[in-house]
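Protein chains: 2
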Amino acid sequence: MADNKMSGRNKYAVGIDLGGTNIKIGLVSPSGKITRKYSVSTQADEGPHRIIENIKIGIHTLLAKSKVHIEGIGIGSPGTVNSEKGTVENPPNFPGWDKVNLGRAISMEFEKDVFLDNDANVAAIGELIFGNGMKLNSFIMVTLGTGVGGGIIINRKLYHGDFGAAGEIGHITINYNGPKCNCGSYGCIEAYAGNKYLTERVRKELKKHRDSLLLKLINNDHDLITPRKIKEAADKGDKYAHSVIIDLGTKLGAAFATVSNILDISTYIIGGGVAGFGKPLLDSIKNSLTSRVLKPIKPRVKILPAKLKNDAGIKGASALVFHGY
Amino acid sequence: MADNKMSGRNKYAVGIDLGGTNIKIGLVSPSGKITRKYSVSTQADEGPHRIIENIKIGIHTLLAKSKVHIEGIGIGSPGTVNSEKGTVENPPNFPGWDKVNLGRAISMEFEKDVFLDNDANVAAIGELIFGNGMKLNSFIMVTLGTGVGGGIIINRKLYHGDFGAAGEIGHITINYNGPKCNCGSYGCIEAYAGNKYLTERVRKELKKHRDSLLLKLINNDHDLITPRKIKEAADKGDKYAHSVIIDLGTKLGAAFATVSNILDISTYIIGGGVAGFGKPLLDSIKNSLTSRVLKPIKPRVKILPAKLKNDAGIKGASALVFHGY
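Protein sequences appear in the order of chains A and B.
Residue 96 in the numbering used here sits at position 96 of the first sequence, and the numbers go up by one each step.
Residue 199 in the numbering used here sits at position 199 of the second sequence, and the numbers go up by one each step.
Think of the hints as simulated: they come from the structure by calculation, not from any bench.
No experiment lies behind these values; they were computed from the predicted model shown.
One should not assume that every hint holds.
Identical chains blur together in the list; that is why a pair holds if it fits in one copy or across any two.
[As the list claims (entries may be wrong)] 25 Å max Cα-Cα, derived DSS-like pairs, lysine-lysine: (1) Lys65 - Lys85; (2) Lys295 - Lys99; (3) Lys56 - Lys231; (4) Lys309 - Lys207; (5) Lys236 - Lys99; (6) Lys33 - Lys99; (7) Lys298 - Lys99; (8) Lys180 - Lys295; (9) Lys37 - Lys239; (10) Lys33 - Lys239; (11) Lys204 - Lys56; (12) Lys239 - Lys99; (13) Lys295 - Lys207; (14) Lys11 - Lys33.
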């Protein structure tokens, strides 16, 4: 294996993507190659103790016949994560999980350093070390999915803020009188761009767009509206579906202009399912952001797609081990 | 002098507040005491060469019979400032001033280190070293005046961003479809809270509030609307004037919620003329920000008034010398 030759020894990390449905675990080389992987059901409904046991079982299984040296274990988790302390607080969809020291539980079992961060920060570190951020000094990682997540890289380090809660790009206000957001505020970008909000909006608007190809693609069944179907319709020339993507980019660009004016960081890496809209979305974000951001920043705006797709969570978590926070 | 005893020698800084009308220059001790000061007309209309000469004359006059040791010269300037290079670009109200290396011009004349930053950053450093930020690790300085300026302090350092343009709190979008802002974008907080926008709005609204005490205080002359008059009317119980202050705080709070959700910084220091609205404004900001910001940050929200009032520019500029950037 090339990595062994390069480093002169078997130096690997365990990367863990702790999801609501599955726990994905991989053995990852310093160059980001997954040499072995394993998936186990999260069983989130059975409470924190079961989840932690499942993580342990998964790691033991993965490492069972492995002789490589494990540098450490990286975990990307939903919820509010305190990387320093190792705690994970209130992950959505993990009933009964209040505040758990996941880091300590895993490090005691395996006697290894455990590096823990939230999903979006892990995605940012993944792109920084293995993806489209490899040559960047500073950038904003944005994950477009059920929610809108964010990770801020400044001078090749994750920015965590005073108490580890920084980078909540999804909760940038774009209209202080806008629709209510899940977080309790109004007009957050997530309340427009989150998957659920986006499909709900399309569901309503389709009543006025009865000639849209999208309606045919979903057999008039509104429950089948997904970003993938919207993209399919747009790719086939449907004007309404195309306008949904352009409008989404316009709104994201407005949110990003705020970020760039505060941080003077002008490169964004866009990942997550909704990023599947591809080039039309990225172009629309760029147009909107460039038109709104302050003049000295305009010429520097860059919108890149995420490079890590499958196994981004495993790779990003392993990057925490190799790179630190 | 106490400072001499403390430091054991005559260690002073020259602090310069470069304004559109006057250049204020002070000799400042490490504890922020101004022992001597001098003011000279900027003569901005006569171009950059004249302005720089006036700064030089001012410093020479100030130091003429002084025997203290000058550690360095600090300058707070309008416009886009590159602290590292010493350049000042396009200050509003300085006709013919494209991009000038002000730092070099002054350091060559006096053979001293020159520290240069923009007004709002200088206000932030002033509060950090001599004001209400003395015991804070991280905070956001906001200056409410003609525009809305900002300075970001992270771990007791100014955050400048990739190219020195960070901290533009005034150009946070609060409504992507809102009124056009001077910067070219729409719905920036400055387009609601900047002095000019604010008085213009009151001018329009007074047509519907003909019983407002404010109309009497300005003798029905709309050109006399100022934050001071609005405050006077509110203090005397005028409901409309009070509502203007509360609404301003609500909007500022929405902008600050975005900042806190991005940076996980929850303390704001508010200065500038419009901050003269005092406690009702600060309370309204706090209410709005607390209601909108993400849950883990809510209990930590603090809104403080600036401590430095008169000579804030001179003191802040001198703090650059004692503290660095």
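How the hints compare with the structure:
1. Lys65 - Lys85: neither (31 Å within a copy, 58 Å between copies)
2. Lys295 - Lys99: Answer is between; shortest inter-copy Cα gap is 15 Å, intra-copy 44 Å.
3. Lys56 - Lys231: Classified as neither; 39 Å inside a copy, 63 Å across copies.
4. Lys309 - Lys207: neither (34 Å within a copy, 58 Å between copies)
5. Lys236 - Lys99: Neither way: Lys236 and Lys99 sit 47 Å apart in one copy and 50 Å across, limit 25 Å.
6. Lys33 - Lys99: neither (33 Å within a copy, 49 Å between copies)
7. Lys298 - Lys99: For Lys298 and Lys99, only the inter-copy Cα distance (18 Å) is at most 25 Å; the intra-copy one is 42 Å.
8. Lys180 - Lys295: between (32 Å within a copy, 15 Å between copies)
9. Lys37 - Lys239: neither (42 Å within a copy, 66 Å between copies)
10. Lys33 - Lys239: Neither: 41 Å inside a copy, 66 Å across copies.
11. Lys204 - Lys56: neither (45 Å within a copy, 66 Å between copies)
12. Lys239 - Lys99: neither (47 Å within a copy, 46 Å between copies)
13. Lys295 - Lys207: Intra 40 Å, inter 36 Å, cutoff 25 Å: neither.
14. Lys11 - Lys33: This pair counts as within: shortest intra-copy Cα distance 12 Å, inter-copy 58 Å.
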